[in-house]
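Peer 1: Chains as they are written, first to last, in the numbering used here: chain A, 4 to 319; chain B, 18 to 316.
Mixed in with the good hints there might be a few duds.
If you want the footprint, here are the derived chain A segments under chain B, 3+ residues with CB under 8 Å [to be verified]: (1) 90 to 103; (2) 181 to 192.
Listed next, the stretches of chain A that the computed footprint assigns to chain B, with coverage defined by at least 3 CB atoms under 8 Å from CB atoms of chain B [stated by the list, open to error]: (3) 24 to 30; (4) 237 to 249.
Here's a subset of chain B near chain A, in silico, CB distances under 8 Å, partners left out [unchecked claim]: (5) V69; (6) P160; (7) L279; (8) W282.
Bear in mind the hints are in silico, worked out from the structure with no lab data behind them.
Note that beta-carbon positions come from the ideal geometry of N, C-alpha and C, so glycine has one too.
Each chain, written out:
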Amino acid sequence: MGTYVLRRVLLLIPTLFGMSLFIFLMLRLLPGDVVDLMTAGQEQATDESKRKLREAFGLADPLPVQYVKWMLGLLRGDPGKSLRSGQPIGDALGQALPVTLELTLLAVLLATVVAIPLGVLSASRRDSGADFGGRVAGLIGLSVPSFWLATLTLLFTSLVFSWVPPVSWIPPTVDPLANLEQMLLPAAALAVQLMAIEMRMTRTTMLEVLNQDYVRTARAKGASERLITYRHALRNALIPVISVIGFQIGTLMGGSAIIEVIFGLNGIGATLIQAIFNRDYPMVQASALFLAAVFVIINTSVDLLYGYLDPRIKHA
Amino acid sequence: MTDALQVALPARALPDSTATRPGRLTRVWRRWRNPIGLVGAAVILVTVLVAVGAPLIAPYEPSSQAHKRLLPPGAPYLMGTDELGRDTFSRIVFGARVSLQVGALAVTIALLLGTSLGLLGGFYGGRLDDVLMRVVDIMFAFPGLVLAIVIAGLLGPSRNNAMLAIGIVYAPAFARVVRGSVMAVMAEPYIEAARVTGASDWRAVRLHVLPNVLAPLIVMVSVYLSQAILSEAALSFLGLGTQPPEPSWGGMLSAARAYMELSPWMAIFPGAAIMLVVLGFNFLGDGLRDVLDPRLRSL
Chain A
4 MGTYVLRRVL
14 LLIPTLFGMS
24 LFIFLMLRLL
34 PGDVVDLMTA
44 GQEQATDESK
54 RKLREAFGLA
64 DPLPVQYVKW
74 MLGLLRGDPG
84 KSLRSGQPIG
94 DALGQALPVT
104 LELTLLAVLL
114 ATVVAIPLGV
124 LSASRRDSGA
134 DFGGRVAGLI
144 GLSVPSFWLA
154 TLTLLFTSLV
164 FSWVPPVSWI
174 PPTVDPLANL
184 EQMLLPAAAL
194 AVQLMAIEMR
204 MTRTTMLEVL
214 NQDYVRTARA
224 KGASERLITY
234 RHALRNALIP
244 VISVIGFQIG
254 TLMGGSAIIE
264 VIFGLNGIGA
274 TLIQAIFNRD
284 YPMVQASALF
294 LAAVFVIINT
304 SVDLLYGYLD
314 PRIKHA
Chain B
18 MTDALQVALP
28 ARALPDSTAT
38 RPGRLTRVWR
48 RWRNPIGLVG
58 AAVILVTVLV
68 AVGAPLIAPY
78 EPSSQAHKRL
88 LPPGAPYLMG
98 TDELGRDTFS
108 RIVFGARVSL
118 QVGALAVTIA
128 LLLGTSLGLL
138 GGFYGGRLDD
148 VLMRVVDIMF
158 AFPGLVLAIV
168 IAGLLGPSRN
178 NAMLAIGIVY
188 APAFARVVRG
198 SVMAVMAEPY
208 IEAARVTGAS
218 DWRAVRLHVL
228 PNVLAPLIVM
238 VSVYLSQAIL
248 SEAALSFLGL
258 GTQPPEPSWG
268 GMLSAARAYM
278 ELSPWMAIFP
288 GAAIMLVVLG
298 FNFLGDGLRD
308 VLDPRLRSL
C-alpha cells in the first residue's frame with residue numbers, strides 16, 4: 004500500500020510537467036499576440052515600439068528559453084507578473100484558490116447528500132412510479148445548463164428577496180454565516196448536474212449489488228430490508244460512485260468558472276476567463292496550470308481513497 | 018453454478034419484498050418498455066425540423082429590430098421581444114440551427130481527429146502510440162470546459178473557433194476508445210491472416226478494424242452531441258462562441274442578464290431551449306443504452 008501511494012504521488016510530477024508543456028505550447032502556437040492586442044487601434048504604435056514591448060515581456064526569446072524561464076520561476080514559487088495589472092500572479096491565484104475550492108467542495112457535498120439517498124430509494128423500489136420519477140428527474144438534472152440555473156436563481160432572489168450577491172468574497176474565517184449565504188446558491192446551481200450523475204450511478208450500482216448472492220444470503224437469514232440496504236448493499240455500491248465523483252470534479256471546476264462569472268466571485272475560473280479576454284499570457288498560463296494541477300491532485304487523492312475503500316484493488 | 022442460476026431466473030422472478038401491488042404509473046411504464054428513448058427521439062426530430070424549416074417557422078427576421086423593445090410574451094410576439102426590439106421566438110427558432118450545426122460539426126471534428134489518432138496508435142503501436150497516448154493522457158487531465166475556454170479564447174471568439182475548440186477537446190475520448198478497440202482486434206488471428214495474404218495496412222484497417230469499432234463510436238457520438246451543444250451554449254454565454262447579432266441560445270441568455278429584472282422571459286426561453294434539446298439527446302442516449310446493453314436493461 005505504501006509503495007502504491009508513493010508511486011501515485013510520484014506520477015504526479017511527469018503529469019504536471021507534461022501539462023505545463025502542453026499549456027505553454029498551446030499559448031505560443033495558437034495565433035494572437037498580447038502586444039498586437041494592446042496596441043490595436045493606436046496609430047503611434049510602430050513596429051519598433053512593439054518590438055520593445057515584446058522584449059520587455061520576454062516574448063522575444065526563443066521558445067525553449069521562455070519555457071525554461073517560466074519553469075524556473077514556477078519552481079521558485081514565482082509565476083511572474085500580470086501583463087495588464089502588474090500584480091504578482093502568485094498573489095492573485097492565492098486569493099482566488101479558496102473561492103474555487105469552497106465552491107467546488109460545497110457543490111460536491113450538496114450533491115452527495117441529496118443524490119445518494121435518492122439513488123438508494125430509486126433502486127430499492129425498482130420500476131415503481133417513484134423510480135420512474137427519479138430517473139426522469141435525473142435526466143432533467145443532467146440536461147439543465149448550470150449557467151441557466153444560476154441566472155434564474157439570481158433573478159428569483161433579486162425579484163423576491165431583493166437579494167443580490169455581495170461584491171467580493173467573504174471568507175468563512177471572517178463571517179461564516181455571511182460566507183454561507185453568499186456561497187450556498189452558486190454551489191447549489193453547480194451541484195445539480197453532479198447530483199443527477201451521482202443519483203443515476205447510485206441507482207445502477209445498488210441494483211447490481213442487490214442482485215448479488217450475499218444479499219440473497221442476508222435475506223435468507225432474515226435480515227431486515229433496511230439492514231440489507233444500508234449495511235450490505237450501500238457500502239459496496241458506493242465505491243464506484245466515489246470514483247465517479249472524483250472524475251466529475253474536473254467538470255465541476257469548468258462549470259465553476261461560469262458560475263463564478265455570474266455570481267461575481269473572484270475564483271480561479273473567473274480569473275482565467277478575464278485573463279483570456281485580456282490576452283494576459285502569463286496569467287492565462289499560470290491560472291490554467293493551477294486549475295489543472297488542483298484537479299489532478301484531487302483526482303489522485305480520490306484514486307487513493309478508492310484503493311483504501313476497496314481492498315481488492317489495493318495493489319493494482 | 019451461481020451464474021447459471023441467475024441466467025435461469027429472470028430478475029423479475031426474484032422475490033422482491035418491497036413490491037406491493039404496482040401503481041397505475043408503474044403499469045403504464047411497464048407496458049411501453051422504453052418511453053424515455055422515444056420521447057428523446059421525438060424531441061430531437063422536432064428540433065431538427067425547426068432548424069431546417071427555420072425561415073418558414075419564424076414569423077419575423079431574427080435580426081430585424083423593427084419591433085417595440087422588451088415586450089412581454091403574447092400575441093403577436095410569442096416569447097416577447099429583446100432589448101433591441103427583436104422577436105425572441107424567431108431568434109430561438111434560428112438559434113436551433115446554430116446549436117445543432119455547432120454540435121454536429123464539433124462532434125464530427127472530434128470523431129475524425131480522435132478516430133485517426135486512435136487508429137494510428139492502435140494499429141502501429143510502438144513509439145508513435147506512446148507519444149499519442151501521453152498527449153491524450155495530458156489532455157484528459159484538464160477539465161474539459163476549461164480547455165475549451167482557453168482554446169476558443171486564444172483562437173479568438175467566433176462560432177467556428179468555438180466549434181474547433183470543442184472538437185479538439187473531445188477528440189482524446191474518441192482516440193482512447195478507438196485505440197482500445199483496435200488493440201483488441203489486432204490480437205485476432207484474422208488480422209494476421211489478412212497480412213499474410215498481402216493485404217495493405219489500409220485494407221486491413223478498412224475491412225477488419227473499422228467495422229469492429231463502429232458500435233462503441235455510435236454510442237459515444239450520441240453522448241457527446243449533447244455535451245457539445247451544452248459547451249457551445251456555455252462558450253457563447255461567456256462571449257467566446259457565436260457572436261451577436263447571430264442568434265445563439267447561450268448568447269441570448271447572456272444578453273438577457275442585464276435586463277432580466279425588467280423582462281425575466283428573456284432569460285427563461287433561451288435556457289429552456291438549451292435544456293430541451295440536451296434533454297432530448299440524453300433521453301435518446303438512455304433509451305439506446307437500454308436497447309444496446311441488455312445486461313443493464315435487466316437491472
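Peer 1: Find the hints from earlier in the document that the structure breaks and name them by number, from lowest to highest.
Peer 2: 1, 2, 4, 5, 7 and 8
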